[in-house]
Amino acid sequence: MDDVEVELQSAAEEVQIQVRQGLGLDEQSVDRLRKALRHAAEAWADADVISRSAANLFVDLAWSLEACSYAYRDDEASRIKELAHELVDLVRACVTAPRGVSNT
10 MDDVEVELQS
20 AAEEVQIQVR
30 QGLGLDEQSV
40 DRLRKALRHA
50 AEAWADADVI
60 SRSAANLFVD
70 LAWSLEACSY
80 AYRDDEASRI
90 KELAHELVDL
100 VRACVTAPRG
110 VSNT
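Residue 10 is where the sequence shown starts when you use the numbering used here, and the numbers rise one by one after that.
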């Protein structure tokens, strides 16, 4: 794993553990994850492929957070669901094909 992915994996794990343990969303951890995803999107913008471990993270990240939101009530559940939806867009930016490269 390169440094970008190490930070991405670590930031994602931090948020996921907090939510799974019933601690809710910590804004510093969430901001760290957002920043790591944006950095990954920039770093990998011209890459033809991403690692399997990054792909694995992306497959599970948003839906697993949304699934955990049902263990919370009211505002915190909504915040977790909103974050999950935001993460879909941030992940999409990481895996969008480079300009001029066809997906077919």
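It is worth saying that the hints were derived from the structure and are not from the lab. Possibly wrong hints are sitting among the right ones.
Label pairs and their calculated CB-CB ranges [stated by the list, open to error]: (1) GLN27 with ALA52: 20 to 28 Å; (2) ALA52 with ARG82: 18 to 26 Å; (3) ASP57 with ARG88: 33 to 41 Å.
If you're wondering where the values come from, they're calculated on a predicted model, not measured in any experiment. We put the beta carbon where it would ideally sit given N, CA and C, even for glycine.
For each hint, the structure was consulted:
| no. | hint | verdict |
| --- | --- | --- |
| 1 | GLN27 with ALA52: 20 to 28 Å | 25 Å, holds |
| 2 | ALA52 with ARG82: 18 to 26 Å | 38 Å, violated |
| 3 | ASP57 with ARG88: 33 to 41 Å | 36 Å, holds |
Checked against the numbered hints above, the structure breaks only hint 2 and satisfies the rest.
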